[in-house]
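*Asks:* The whole structure should be built from the sequences, with the hints applied where relevant.
Take the sequence shown: its position 54, counted from the start at 1, is 54 in this note's numbering, and no numbers get skipped.
Treat the hints as calculated values from the structure; they're not laboratory data. A couple of the hints might just be wrong.
So the derived label-pair ranges between C-beta atoms look like this [to be verified]:
no.	residue 1	residue 2	range
1	Ala136	Thr55	32 to 40 Å
2	Arg79	Thr55	19 to 27 Å
3	Lys140	Asn94	19 to 27 Å
4	Gln138	Thr185	32 to 40 Å
5	Glu110	Lys53	35 to 43 Å
6	Thr185	Thr95	14 to 22 Å
7	Asp102	Thr185	19 to 27 Å
8	Gln138	Thr62	31 to 39 Å
9	Asp54	Lys131	35 to 43 Å
10	Gln107	Gly52	40 to 48 Å
11	Glu134	Ser51	42 to 50 Å
12	Pro106	Glu71	20 to 28 Å
Where a beta carbon is used, it is the ideal one built from N, C-alpha and C, also for glycine.
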Amino acid sequence: MKKMSPRTRVLTGAVTLAAVGAATFGAVSATAAAPASSGKGAPAAAPAAASGKDTRQVDRLTTAAATKAAEAALNAANRAGQHVTVAVVDRDGNTVVTLRGDGAGPQSYESAERKAYTAVSWNAPTSELAKRLEQAPQLKDIPDTLFLAGAVPVTAKGGPIAAVGVAGAPSGDQDEQFARAGAATLDR
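*Replies:* Now the structure itself:
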């Protein structure tokens, strides 16, 4: 048998691996797409439906509304000559939109998101939450939170559905002022 060069062995191995991968992917895809059947010609079982007592509908801020709020907060900061980042998170603390203004510092991106996460988690402005640290300093140890002024929750039907967080101005009070300007643009 003729000995293959290292280059030929690598190429042959890569082609073989690709063929095995494609065959495996095809088999898995075909299996996943095949409807389950309980017998010859029997229809597949219908998905289970939860009853009304087992479910709850929740309000969520749309992406368009989150963008509107972020732009309003950024515009308020620009009018004041401040370079900030604005983050809007949903009711679960997940970032919906983040706008980093021209000249905003690199730390402002994460700070804005963490402030917004903190505000929606406790349904309170972060300026109020920062004051609570005096009675419960261990709060600051909760992951992904930031107890500095600069974020406000957005509520609907008495509960938080989002939060606007701002970071980068010289003071948290200014950050929170810009966050309030963003939240004020939303219909509640």
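*Asks:* Confirm or reject each hint.
*Replies:* Okay, the hints, checked on the actual structure:
Taking the beta carbon of each, Ala136 and Thr55 are about 34 Å apart, inside 32 to 40 Å as hinted. About 44 Å separates the C-beta atoms of Arg79 and Thr55, a value inconsistent with the hinted range of 19 to 27 Å. Distance hint for Lys140 and Asn94: a CB-CB separation of about 22 Å, consistent with the stated range 19 to 27 Å. Range check, Gln138 to Thr185: Cβ separation about 35 Å, and the 32 to 40 Å hint holds.
Restraint check, Glu110 to Lys53: a C-beta distance of roughly 41 Å satisfies the suggested window 35 to 43 Å. Checked against the hint of 14 to 22 Å, the pair Thr185 and Thr95 passes, with Cβ atoms roughly 18 Å apart. At roughly 21 Å, the beta-carbon separation of Asp102 and Thr185 lies within the given 19 to 27 Å, and the hint holds. Restraint check, Gln138 to Thr62: a C-beta distance of roughly 36 Å satisfies the suggested window 31 to 39 Å.
At about 39 Å, the CB distance of Asp54 to Lys131 agrees with the hint of 35 to 43 Å. Hint check: Gln107 to Gly52, Cβ distance near 46 Å, so the stated range 40 to 48 Å holds. Under the hint 42 to 50 Å, the C-beta atoms of Glu134 and Ser51, about 46 Å apart, fit the expected range. Roughly 21 Å separates the CB atoms of Pro106 and Glu71, a value that falls within the hinted 20 to 28 Å.
Violated hint for the displayed structure: number 2, the only one.
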